[in-house]
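The lines below spell out each chain.
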Amino acid sequence: MPKETMTAENFQKLDKLILQEKETKGALIQVLQKAQGIFGYLPIEVQQKISKGLRIPMSEIYGVVTFYSQFNLEPKGDYMISVCMGTACYVRNAQPILEKISKIIGIKSGETSPDGKFSLIACRCIGACGLAPVITVNEDVYGRLAVEDIKGIIEKY
Amino acid sequence: MENVKSQENKQYRIALRNSGLIDPGDISDYIAFRGYEALGKVLTEMEPAEVAKMVKESGLRGRGGGGFPTGLKWEFTLKAPGDEKYLICNADEGDPGAFMDRSILEGDPHSLLEAMVIGGYATGANNGVIYIRAEYPLAIKRLQVAIDQAREMGFLGKDIFGSGFDFDLYLKLGAGAFVCGEETSLIQSVEGKRGEPTKKPPFPSESGYMGKPTTVNNVETFAAVPPIILNGPEWFQGIGTETSKGTKVFALAGDINNVGLVEVTMGTTLREIIFDIGGGIPGGAKFKAVQTGGPSGGVITELDLDTPIDYESLKNIGSMMGSGGMIVMDDSTCMVNIAKFFLEFTQDESCGKCTSCRVGTMRMYEILEKITNGEGTEQDLINLNDLARSVKDTALCGLGQTAPNPVLSTMNYYKHEYEDHVYNKKCTAGSCKALLSYSIDPEKCIGCTACLKVCPTNCIDGKAKEVHVIREDECIACNACFEACKFDAVIKP
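The listed protein sequences correspond, in order, to chains A and B. If you count the first sequence from 1, position 14 lands on 10 in my numbering, and the numbers rise without skipping. Each number in my numbering comes from the position in the second sequence (counting from 1) with 35 added on.
Hints should not be assumed to be uniformly reliable.
Restraint-style ranges between C-beta atoms, simulated for each label pair [said to hold, decoys possible]: (1) B/Q179 with A/E135: 14 to 22 Å; (2) A/K147 with B/P237: 50 to 58 Å; (3) A/L15 with B/K176: 20 to 28 Å; (4) B/E85 with A/E135: 45 to 53 Å; (5) B/T412 with A/Q16: 56 to 64 Å; (6) B/L56 with A/P53: 44 to 52 Å; (7) B/K500 with A/K147: 26 to 34 Å; (8) B/G189 with A/A4: 41 to 49 Å; (9) A/P53 with B/E401: 33 to 41 Å.
It should be emphasised that the hints constitute simulated quantities derived from the structure, not laboratory data. Every residue gets a Cβ at the ideal spot worked out from N, C-alpha and C, and that includes glycine.
Build the full structure now, drawing on both the sequences and the hints.
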């Protein structure tokens, strides 16, 4: 299972964050980004707390959270595998690579494995088009890939 | 100004003048390359209106793709009533396959900061924001270092160069939304809201960030400003074509030998960029098309390769300059599939505010999916064309208005491919999987197991010296077996 992040300690950090940004105009997105940094995702409880703290209606907060692709409503796995689906990667066969990873881990794009180890997403262009096709696993970047390379990469984690 | 002009490789570096040559983490490197000299000149010798006029005379146009004259934009904001004005840098480089701005942000962050202070002075703004996408962590880090150093040296903050002019700026991180590259959406996002576009007028130069006059410029546009100030508008005027001055950075990627950034003068032909600088297509494959302008642009065929590129000429051949992504495709690329790829992107990134984009892009995507699945009909082709035209005419912002371009341009230049998919249920490029089925010719197969070993999905059955069989339902059409077979026994559709 993914690590439990809904701890009292983390909620204290959130309170501190809200206090800091309370008076800043237009700070909602950066508060949400930092809150996601604390909890790993943005469950309703966290959003409600931000709503009260910043005095912004919950509807607006939920609207912002669901608008931007960076925000997650569900917890993510320990290892985030992002397969770049920018045009350069796409024309250099990123699709079969995504399918291969999906087959090895047994989850589809956008899902997290039941043991909480891996999450898989088809992500937006990361601007490393010279290395196409590219995947990233957390901070590690793997470029110029062929379908055969995938197994070895997954096994490292 | 040391402009790297190399006849040999046909490049001319203005925006990328320092990238790769200086240490981006050290402000003194930038200063040694005449950094902040233009700012000094502007603040001590010129009036704001003179600066805007100089940029206008240089002919510099917005490098984010729109091509609006930068100096004119600056004049609008300068003349707009109000004391509080803002300057925003659009560093939300969301076009898939484009990384020009990332390279400037990471390789020469001070050139952006210097230009922003100049822009602030010219437009009457004392506050700047750099809106940068969160997907560029290194660029964010280097920008922050650069901002801290510039503050320490007194290039940002109060009373810069003793001129009495104050300017400071901060970073705002995007949260992942392509539409935020559109200036009105970007302003909404900087305000912490959903990044939905607003109607124009009022233009941001009258009412933008927090309702105040605001200028939004792209990173590459800013990067060209200090050299213009130092060398004079006539110098910049002298480079490029009749309507488009200066240079443009392109991100060359896809099926091409030399992948990377190139900066060329406006008016260079696509053939020069792709074959002389880019080194042509790898593996002896044949050039099929080049896609410019990302999801807003179109494909350019062999026939138009000798077009000298500028804002107008690219538009005339059904594409656009865009931010500078240039994806080269060889003959294994299916044009219907490429149109589908871009529509999948735009329908996902459509913010949903206006109906024609929200519903239109989805319906276009569905029709394209039907066609690539081999279920398309003649009526689908007619509907797709009609729909594309109405979305183009009725969408609220640039995203929706240009989203049909990939469809219209591929339908225009590659109509036969669409027809092949619909009438003959065939994908000649061999990339639409539903129309592909790989099989093994039992006459030719000698049972060498070569294909079986390379199959990534293990969907080939067979023992040594027996005829192998491909289980079609599990085949991902990766082509590995076709390449591995030495006996031409794998039949490709």
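Now the hints, each set against the structure:
no., hint, in the structure
1, B/Q179 with A/E135: 14 to 22 Å, "holds, 18 Å"
2, A/K147 with B/P237: 50 to 58 Å, "holds, 56 Å"
3, A/L15 with B/K176: 20 to 28 Å, "holds, 27 Å"
4, B/E85 with A/E135: 45 to 53 Å, "holds, 47 Å"
5, B/T412 with A/Q16: 56 to 64 Å, "holds, 59 Å"
6, B/L56 with A/P53: 44 to 52 Å, "holds, 51 Å"
7, B/K500 with A/K147: 26 to 34 Å, "holds, 27 Å"
8, B/G189 with A/A4: 41 to 49 Å, "holds, 45 Å"
9, A/P53 with B/E401: 33 to 41 Å, "holds, 35 Å"
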